[in-house]
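For the protein sequence lines, the chains are A and B, in the order given. Residues 1 to 326 in the working numbering are what the first sequence lists, from first letter to last. Residues 1001 to 1548 in the working numbering are what the second sequence lists, from first letter to last.
No wet-lab data here; the hints were simulated from the structure.
Straight-line distance between alpha carbons at most 20 angstroms, and here's what the computed DMTMM-like set of lysine to aspartate or glutamate pairs gives: (1) 77(A) - 105(A); (2) 1290(B) - 256(A); (3) 1488(B) - 1498(B); (4) 1286(B) - 256(A); (5) 77(A) - 109(A); (6) 1488(B) - 1094(B).
One-sided and incomplete, this derived list gives chain A residues near chain B with beta-carbon spacing under 8 angstroms: (7) 56; (8) 62; (9) 63; (10) 66; (11) 71; (12) 105; (13) 148; (14) 211; (15) 213; (16) 216; (17) 254.
Cβ-to-Cβ under 7 angstroms is the rule here; a few derived chain A residues that face chain B: (18) 41; (19) 49; (20) 51; (21) 52; (22) 53; (23) 55; (24) 101.
Idealized CB from N, CA, C, for every residue including glycine.
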Amino acid sequence: MNNPPDPHGPTYRLPTPPPPDPTGWYELRRRARATLWPPQDAAWAGLFAAAVVAAGVYGIWFQATLPGRLPSSSDWKAVAAVLARDTRPGDAVALAPPWAERAREILPERLPTRPEASLPVLAYPSYAEGAEDLAGIRRVWLLSLPDAPGGTGRIAAELQARSGAAEGPLRIGQLTLTRFDLRSPLLPLWSLADLLPAARIQGPAVVAREIREVGFLPRDCVVARFAGPHPGTAVVRLPPAPLGVALRGHVGLAGDVSGTGASASVRVMVDGVELGRVEAAASAPAWRTVQIDTSRLPPARHEVALEVVPSGPLPRGVCLDLVALP
Amino acid sequence: MTARRGIALAWGALVLAVTAATSPAVGISRDESVYVEAGASYSRFWREALRDPAHVLAAVDRHYALNHEHPGLAKGLFGLTRTALSDATGLLGEVQGSRAGAWLLAAFLALLLALWGFDLAGPPGGAIAPALFFLVPRNFWHAHPAALDLPVTALVLATTYAFWRSTSASRGRLSTAGWAVASGILFGAALATKHNAWFLPPVLLAAWVLGSYRGRQPGHGPASEGAVGTVRGHRFPWALVAMAGIGPLVLVAAWPWLWHHTVPRIQEWLGYHLHHENYPWMYLGKLLRKPPFPVAYPFVVTALTVPLAILVAMGGGVAQALARVVAAWRGRGPEVSVATEWLLLLSALFPIALIAWPTVPRFGGVKHWMPAMPFLALLGARALVTTGRLLWPARATAVTGVLAFLVLAPAAWQVVHVHPFGTAAWNEIAGGAPGAATMGMQRQFWGEAAVAVLPAVNEHAAPGSRVWFQETTALAAHQYQRDGRLRKDLTVASGPEDADISIWQYHQEFRDREFRTWTEFHVTRPVAGAYLDEVPLAQVYARPGAWR
Chain A
1 MNNPPDPHGP
11 TYRLPTPPPP
21 DPTGWYELRR
31 RARATLWPPQ
41 DAAWAGLFAA
51 AVVAAGVYGI
61 WFQATLPGRL
71 PSSSDWKAVA
81 AVLARDTRPG
91 DAVALAPPWA
101 ERAREILPER
111 LPTRPEASLP
121 VLAYPSYAEG
131 AEDLAGIRRV
141 WLLSLPDAPG
151 GTGRIAAELQ
161 ARSGAAEGPL
171 RIGQLTLTRF
181 DLRSPLLPLW
191 SLADLLPAAR
201 IQGPAVVARE
211 IREVGFLPRD
221 CVVARFAGPH
231 PGTAVVRLPP
241 APLGVALRGH
251 VGLAGDVSGT
261 GASASVRVMV
271 DGVELGRVEA
281 AASAPAWRTV
291 QIDTSRLPPA
301 RHEVALEVVP
311 SGPLPRGVCL
321 DLVALP
Chain B
1001 MTARRGIALA
1011 WGALVLAVTA
1021 ATSPAVGISR
1031 DESVYVEAGA
1041 SYSRFWREAL
1051 RDPAHVLAAV
1061 DRHYALNHEH
1071 PGLAKGLFGL
1081 TRTALSDATG
1091 LLGEVQGSRA
1101 GAWLLAAFLA
1111 LLLALWGFDL
1121 AGPPGGAIAP
1131 ALFFLVPRNF
1141 WHAHPAALDL
1151 PVTALVLATT
1161 YAFWRSTSAS
1171 RGRLSTAGWA
1181 VASGILFGAA
1191 LATKHNAWFL
1201 PPVLLAAWVL
1211 GSYRGRQPGH
1221 GPASEGAVGT
1231 VRGHRFPWAL
1241 VAMAGIGPLV
1251 LVAAWPWLWH
1261 HTVPRIQEWL
1271 GYHLHHENYP
1281 WMYLGKLLRK
1291 PPFPVAYPFV
1301 VTALTVPLAI
1311 LVAMGGGVAQ
1321 ALARVVAAWR
1331 GRGPEVSVAT
1341 EWLLLLSALF
1351 PIALIAWPTV
1361 PRFGGVKHWM
1371 PAMPFLALLG
1381 ARALVTTGRL
1391 LWPARATAVT
1401 GVLAFLVLAP
1411 AAWQVVHVHP
1421 FGTAAWNEIA
1431 GGAPGAATMG
1441 MQRQFWGEAA
1451 VAVLPAVNEH
1461 AAPGSRVWFQ
1471 ETTALAAHQY
1481 QRDGRLRKDL
1491 TVASGPEDAD
1501 ISIWQYHQEF
1511 RDREFRTWTE
1521 FHVTRPVAGA
1531 YLDEVPLAQV
1541 YARPGAWR
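Looking at chain A on its own, in the form it has when it is part of the complex (with noise of 0.2 angstroms):
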């Protein structure tokens, strides 16, 4: 049904007066909309030439200043002389970040006031106490590159995590050196590479002290190679030794693990009787730990032995390291 018409006429709506614009702001929004939306292909262009600018200064700017925040030759020879004159047995470089291996060339190999102490060259990703037991290490001198692309904060928090003490940094051209005392160094009594020339092997395998690779990192240990398709089981017997409150130990597979179907089984006996067994294998983690308490067991000598049972071909080998901890 059709409404009558109003009887005084129709009615009009004033438009709603503006809001005071007295520092022009909304007009100067309105102005700025207005050009911008819906946007002309000239406005695309200058976004794009600001992008094109913005990247090719950041890029004349990268390129220009990356030689300066990198250490130089002389840098590298300064830190060495640092390190070859107060470094001491116990002692060694952590490098931040791990991938600053030219160290390895430039630093020295041993001490030079102590040819027969090694000074070791770290490079592991992480330094948690987790991570990395740095077995035999007192103090670790933190080698950083700081203004290095890719950051190298993480792993001097990590160490300072697990330090009582910590000199540093000493800042040399673009490098910088820290020392980190150890809160707890673990001071084996004795290691399975070092009891090794004593050892008796028995079974199929060939057992030597050697540097390998496990997990893409380097492990000092002792590595059993199995030939043949079916190997058997192999036993280090180590002579009797004091033991102290536990042993530690880690396995892994030694070298690329591609392709590697098999696995090993460690067992670690004492006098005859098994305490621990672990397991390597190709899947994660690769560098394995076991830990026995023995601080229950008489103070005496005792013979530690590790049982290796390959499931299948190992032709890389086995990489084991086991210490005894006071």
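We have chain A; now place chain B onto it with these hints.
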């Protein structure tokens, strides 16, 4: 001479001169060492075939069996240039003589890019497009070795260009039919260079089909600015017919290995690549060993290896092409050739998307999708030129020049900085080689970085030392020796056990080789090394007494 031809010839000459001048510093990679030997073998075949045509098939089996998993055209060219420049005249060593074939194809690629860039965007387009391609450090590196990736990239570009001319109603010297026949011949040449050319016809067909749909566009736009006399049109793709008919004939003709047992040998060739081994490859801290591989891999690696400003230009070019298609569909782009846009877009994106497929092997890095790069360069060049025209029409060339300078200057700087380690180049987003090493990316390609430590080896190795070259093949070591780059008294060792000197080249998957060397040599300290921005690429270890 027209400006178009002048720019193209200048670019061809420049690339030929620069690659020839900078090539000796580039080391020999694993595959190149094989291709150099294969090229020599193939050139011996042609000499024998000319002398004794009656026994040509026996000669085929003798000479073309070497590296028959890849076709013979490019390697035959390497053999030809080696025969002419090294064996016959002694102007160059055997490796550089072989590489001359690759330099010629790089120059051809530059010339084509200049021509097509000119056609798309006028003189600035012709000047900028080749620079956008060759100032990507990895592309620049690939312009040197006697390998197959840049040659097949050049021939894919050439085939696509001929296809474009044949379907866009060219008015140039060749008729559309002539360009169609040229497409067939060039496609055959591409097939006879590397197997990835087989993917070209589906891409061209898809581009043509997509180009047929114009939406609200009243008629087909011109394919170019008129520089080559193109007119509006979207001709039937006779080029695809020619490619189907002529391409296989050229393949067989250019690869004598197929002159008998043709079908079984083609099956063997394709079967080899369909079931190719997956070499390990580092990507974001993980070693890729077997499929499924990350789909993002080629996109991420492209984003981290193409210099940032060039990447922005190329990305802008892709966006512009998409926008032009959409504008044409809406009836707001009468000047747009939808077919050309699709051809450029699909040619630029398909090779990358192909490698993204999770079961396609990942080793080799950017070289496997290098055929995309010329098209990205063309799109990037056009985007820069268009931007100059839109921002300041009266000073368009100057604006484009400034933008091009900002795009190309940092890239040129990087090319100079990283040479000859182009396969280890990473861009500003990655943080260069140091940033990429921190991210856990593949550090280099196979074996070529060893060239940087050869001078130290020559100077310090004890007489008669046995050298373990690892990723550098024994073939490459002997090629270095014959070219006078490596002392002849040094012999090749097969492992650390029988070596006095070990040249460790950083590959994460082979790290055990370095540590076995430490064990065997009783040292952990290298005596020399090659580094890019402090990132180790190769380090030399020596037994005590073997380094003087």
